[in-house]
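A.B. asks: Residue numbers (the numbering used here), protein chains in the order written: chain A, 98 to 444; chain B, 98 to 444; chain C, 98 to 444.
No lab work stands behind these hints: they were computed from the structure.
Warning: the hint list may mix true and false statements.
[Unchecked claim] Here are the simulated DSS-like pairs of lysine-lysine, each with C-alpha atoms no more than 25 Å apart in a straight line:
| id | chain 1 | residue 1 | chain 2 | residue 2 |
| --- | --- | --- | --- | --- |
| 1 | B | 214 | C | 198 |
| 2 | B | 214 | B | 198 |
| 3 | B | 179 | B | 145 |
| 4 | B | 198 | A | 214 |
| 5 | A | 145 | A | 167 |
| 6 | A | 167 | A | 179 |
| 7 | B | 430 | A | 431 |
| 8 | B | 431 | A | 430 |
| 9 | B | 167 | B | 145 |
| 10 | C | 198 | C | 179 |
| 11 | C | 214 | A | 198 |
| 12 | C | 430 | A | 431 |
| 13 | B | 431 | A | 431 |
| 14 | C | 430 | B | 430 |
| 15 | A | 430 | C | 430 |
| 16 | C | 167 | B | 431 |
| 17 | A | 430 | B | 430 |
| 18 | C | 145 | C | 167 |
| 19 | C | 198 | B | 430 |
| 20 | A | 179 | A | 198 |
| 21 | B | 167 | B | 179 |
| 22 | A | 431 | C | 431 |
| 23 | B | 431 | C | 431 |
| 24 | A | 430 | C | 214 |
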Amino acid sequence: MRIAFSIPELAAIVGARSVEGAHTAPVSGIASLTEAGPDDLSFLGNPKYASEVAASRAGAILLAVDFPGKPAEGQVFFRVDKPSYALALVCSVLEARLWPKPPAGRHPSAIVSPEAKVDPTAFIGALCVIEAGAVIGPGAVLDAHCHIGRQAVVGPDCWLKSGVKVADFCTLGARCRLQPGAVVGADGFGFEPVQGDIRRIPQVGIVVLDDDVEIGANTTLDRARFSRTVVGRGTKIDNLVQIAHNVRIGRQCLITAQVGIAGSTTLGDHCVLGGQAGVAGHLTLGDRVKLGAQTGLFEDVPADGFMNGTPATPFGLERRLVVLSRRLPELFKKVDSLAASLDSAGR
Amino acid sequence: MRIAFSIPELAAIVGARSVEGAHTAPVSGIASLTEAGPDDLSFLGNPKYASEVAASRAGAILLAVDFPGKPAEGQVFFRVDKPSYALALVCSVLEARLWPKPPAGRHPSAIVSPEAKVDPTAFIGALCVIEAGAVIGPGAVLDAHCHIGRQAVVGPDCWLKSGVKVADFCTLGARCRLQPGAVVGADGFGFEPVQGDIRRIPQVGIVVLDDDVEIGANTTLDRARFSRTVVGRGTKIDNLVQIAHNVRIGRQCLITAQVGIAGSTTLGDHCVLGGQAGVAGHLTLGDRVKLGAQTGLFEDVPADGFMNGTPATPFGLERRLVVLSRRLPELFKKVDSLAASLDSAGR
Amino acid sequence: MRIAFSIPELAAIVGARSVEGAHTAPVSGIASLTEAGPDDLSFLGNPKYASEVAASRAGAILLAVDFPGKPAEGQVFFRVDKPSYALALVCSVLEARLWPKPPAGRHPSAIVSPEAKVDPTAFIGALCVIEAGAVIGPGAVLDAHCHIGRQAVVGPDCWLKSGVKVADFCTLGARCRLQPGAVVGADGFGFEPVQGDIRRIPQVGIVVLDDDVEIGANTTLDRARFSRTVVGRGTKIDNLVQIAHNVRIGRQCLITAQVGIAGSTTLGDHCVLGGQAGVAGHLTLGDRVKLGAQTGLFEDVPADGFMNGTPATPFGLERRLVVLSRRLPELFKKVDSLAASLDSAGR
Numbered sequence: 098m099r100i101a102f103s104i105p106e107l108a109a110i111v112g113a114r115s116v117e118g119a120h121t122a123p124v125s126g127i128a129s130l131t132e133a134g135p136d137d138l139s140f141l142g143n144p145k146y147a148s149e150v151a152a153s154r155a156g157a158i159l160l161a162v163d164f165p166g167k168p169a170e171g172q173v174f175f176r177v178d179k180p181s182y183a184l185a186l187v188c189s190v191l192e193a194r195l196w197p198k199p200p201a202g203r204h205p206s207a208i209v210s211p212e213a214k215v216d217p218t219a220f221i222g223a224l225c226v227i228e229a230g231a232v233i234g235p236g237a238v239l240d241a242h243c244h245i246g247r248q249a250v251v252g253p254d255c256w257l258k259s260g261v262k263v264a265d266f267c268t269l270g271a272r273c274r275l276q277p278g279a280v281v282g283a284d285g286f287g288f289e290p291v292q293g294d295i296r297r298i299p300q301v302g303i304v305v306l307d308d309d310v311e312i313g314a315n316t317t318l319d320r321a322r323f324s325r326t327v328v329g330r331g332t333k334i335d336n337l338v339q340i341a342h343n344v345r346i347g348r349q350c351l352i353t354a355q356v357g358i359a360g361s362t363t364l365g366d367h368c369v370l371g372g373q374a375g376v377a378g379h380l381t382l383g384d385r386v387k388l389g390a391q392t393g394l395f396e397d398v399p400a401d402g403f404m405n406g407t408p409a410t411p412f413g414l415e416r417r418l419v420v421l422s423r424r425l426p427e428l429f430k431k432v433d434s435l436a437a438s439l440d441s442a443g444r
Numbered sequence: 098m099r100i101a102f103s104i105p106e107l108a109a110i111v112g113a114r115s116v117e118g119a120h121t122a123p124v125s126g127i128a129s130l131t132e133a134g135p136d137d138l139s140f141l142g143n144p145k146y147a148s149e150v151a152a153s154r155a156g157a158i159l160l161a162v163d164f165p166g167k168p169a170e171g172q173v174f175f176r177v178d179k180p181s182y183a184l185a186l187v188c189s190v191l192e193a194r195l196w197p198k199p200p201a202g203r204h205p206s207a208i209v210s211p212e213a214k215v216d217p218t219a220f221i222g223a224l225c226v227i228e229a230g231a232v233i234g235p236g237a238v239l240d241a242h243c244h245i246g247r248q249a250v251v252g253p254d255c256w257l258k259s260g261v262k263v264a265d266f267c268t269l270g271a272r273c274r275l276q277p278g279a280v281v282g283a284d285g286f287g288f289e290p291v292q293g294d295i296r297r298i299p300q301v302g303i304v305v306l307d308d309d310v311e312i313g314a315n316t317t318l319d320r321a322r323f324s325r326t327v328v329g330r331g332t333k334i335d336n337l338v339q340i341a342h343n344v345r346i347g348r349q350c351l352i353t354a355q356v357g358i359a360g361s362t363t364l365g366d367h368c369v370l371g372g373q374a375g376v377a378g379h380l381t382l383g384d385r386v387k388l389g390a391q392t393g394l395f396e397d398v399p400a401d402g403f404m405n406g407t408p409a410t411p412f413g414l415e416r417r418l419v420v421l422s423r424r425l426p427e428l429f430k431k432v433d434s435l436a437a438s439l440d441s442a443g444r
Numbered sequence: 098m099r100i101a102f103s104i105p106e107l108a109a110i111v112g113a114r115s116v117e118g119a120h121t122a123p124v125s126g127i128a129s130l131t132e133a134g135p136d137d138l139s140f141l142g143n144p145k146y147a148s149e150v151a152a153s154r155a156g157a158i159l160l161a162v163d164f165p166g167k168p169a170e171g172q173v174f175f176r177v178d179k180p181s182y183a184l185a186l187v188c189s190v191l192e193a194r195l196w197p198k199p200p201a202g203r204h205p206s207a208i209v210s211p212e213a214k215v216d217p218t219a220f221i222g223a224l225c226v227i228e229a230g231a232v233i234g235p236g237a238v239l240d241a242h243c244h245i246g247r248q249a250v251v252g253p254d255c256w257l258k259s260g261v262k263v264a265d266f267c268t269l270g271a272r273c274r275l276q277p278g279a280v281v282g283a284d285g286f287g288f289e290p291v292q293g294d295i296r297r298i299p300q301v302g303i304v305v306l307d308d309d310v311e312i313g314a315n316t317t318l319d320r321a322r323f324s325r326t327v328v329g330r331g332t333k334i335d336n337l338v339q340i341a342h343n344v345r346i347g348r349q350c351l352i353t354a355q356v357g358i359a360g361s362t363t364l365g366d367h368c369v370l371g372g373q374a375g376v377a378g379h380l381t382l383g384d385r386v387k388l389g390a391q392t393g394l395f396e397d398v399p400a401d402g403f404m405n406g407t408p409a410t411p412f413g414l415e416r417r418l419v420v421l422s423r424r425l426p427e428l429f430k431k432v433d434s435l436a437a438s439l440d441s442a443g444r
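Hey, can you work out the whole structure from these sequences and the hints?
C.D. replies: See below:
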């Protein structure tokens, strides 16, 4: 996957203020300061690693304008305003080269219903299945083995990685990215006890992803019991996350890996949920709510709330409780000692 | 996915005691009271939302016989015995229309071994792979991209959603429903250290799902080391659940999303496990055991036990411990104050 | 899946010191002492189950040389040095028969890019997709529906079960086993807020699995932001595990089901992580670190550390804190009583 950049090419991409040193060979990889070799570009993003620059074997390094060092023999320093941002610019160019958008068309092995509407500018990969009534928007890309159910909609410029499943009637907005194995529109988990048996409650709603949503690998989103399970514009969901039926997630939220959100819960905009957090059903979380990793939330949280622990407690209190709970051995001893003193005093 | 019901049609489906008001257009959606529009059916299932009825724009509303209000202009009230149940009746009709059982047959793209036995009344979807010796029962439906391993058995009237994998030799009873991406029969996680290396323990058992079992999207069930991993009749398992090798789950259990059950553990009938709960290996849980969400269980639980927290504690005690632990700051202060009093008294 | 072994055949496989009793029919299954029938082989691996031998209906039983009992009528006792190990020998033979390596070749339905390099001794299953530049090593086996991305490498003698996805540029060493639905090389979860929006950070690195790695069903491993996400030689990862971008796992680790490891964290060799444990990002764990099930780790751990609980605490302390926290009701009462005594003493 190595792609070569010449030094002048890199200087242009990163908007270098100056280029110091000389490095004739092209740069073909990116690595950290300690791991980079002569073919690699590296960067000093965090000043605490400044001491690693002198020993780095990187062929080229992105550095702040005021970094005091000089390049080693055969090494290039690019002076830039923000090294991390400069690196992201390189990565963006690299990504566009490594993952060029496939040309419009269909792999001949794809099974596309004659009743589906596939925009001629979309790309349908090998062995995809597109059912009757499905709509694939302009510029959309479906990698191999995707399945788009009946009357499901994949919006313009979506990119579905291999093996993504969008079930019947569900809809994706523009520019959504779905990682391999993601499932949009499984049945909600709705059952009720009927005379000792468990009877399934039909799940006839859908899942709606707004524009610019990202769904992680093997993440599952359940269709609503009725109406819609909704993910708001720009929200990013990591791998192996469970979103239950009728959940509504606002805009620009970050939902980290292995989070679970139970049925009918509503999240505001800009919420951030740490990994493996769990949210019970029928709750309401305001805008900008944060949950720490592994938090177990069983109550509503107003806007800007930051909860942690199980059961979830406001962050500051939770931190204090953790500190105090670690002092329990000391507390038990102190109470025993007080009891002994009082006892002897009472004699 | 909108399907139109006329008002008389709906009245018949829900068994309305009476129909009040007039609404000429057909009803084509279902929504909550606050979200419904003139084309939607809504319902008042919980009396605490009664005040929402007057403001609802729903074209038709399911209400209890004794609800005091009157329909707005162009709105219909259906009076029924149980509005929630009436809604489920509508959803059932809707589901049957939205997901009609496909006609018997095979998509020409399916790869079916000549040594597999597929009942002529079964449906095999596009790009499915059915290996030698597999048996697909009468009325079974396999959506696109399913894989049925050698000598695996899919019972009568099972419905496997897209991308389900049933590995070699595993068996499914009648009427099982498997959501997209579910994996039945991955290798159990069995390894033992041998002279500094980790050696794999062969896993030669199978998974057996009894009748009427439901498996969620991307859930995984491991084959037994030997003999069988078993899921009892009518048990429902949600998304992203892990069932390890040699686990035995009883009948009519509810296993919520992201639960993990470690190897060789046995559950009785009618158990209910909350989301993200974890159960250690080689345990025995009696009938009707309940575990709260995120519980971490490391000990046996007798019938009717209700455990919560990590490590799991009987529910009542756990609730009390949570309350007391939040009073730790107060307790530490009180003990300090007692110590000071005792100290000054002792002077 | 039943395969018959004659008694002399079994005696040879297990290296029996002696064979007692007579059983004319072949043995065709393996089961525990309590569940075995006349066609089954069973074993006494743990002396605490010794009393079950006399009542067992097993046709043949593996027993220690010094076990005092005698076989029942029509039953065979195999005397061996280590019954558990003897059983593993039988399972190994059984596994080799039940899962014979498919002959070299490609199923005609597989879509193999003419620019891919597939070793002639490899097996490519039905409906697999192998993209341009991919390399499939000698002896590798890909079951149905696998997807190997552009320039990805599958090493010699790997076995990929159905529906495995290896994304572009990622590489697998020799003899890796990947269970159904595993995803290697999804995008890392990298986003940064830019003026109220969340912008995606391109993820241009890869995933590298060293030799003899095992990946569980529906487990996900993310490609690095740049450079590599690494799993060391011989490490075994269970089902539904999340390995984030730039994580580096050492050799011979055991990562149990539903564990999550956040970005850029490094694990040493021989680490063991219990089920559902979570490890925060940018941490360093030394060799032989152990984490209990459901542990939430937010700090570095030196070699040989054993942590438990959330937030993770050294195991011994954590056990003590759990015991003390269950005595909180008693402690609160005691402090109240001390306060009352002091109060009355002060009067």
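A.B. asks: Among the hints numbered above, which are violated by the structure, and what are their numbers in rising order?
C.D. replies: Hints 10, 16, 19, 20, 24 not satisfied by this model.
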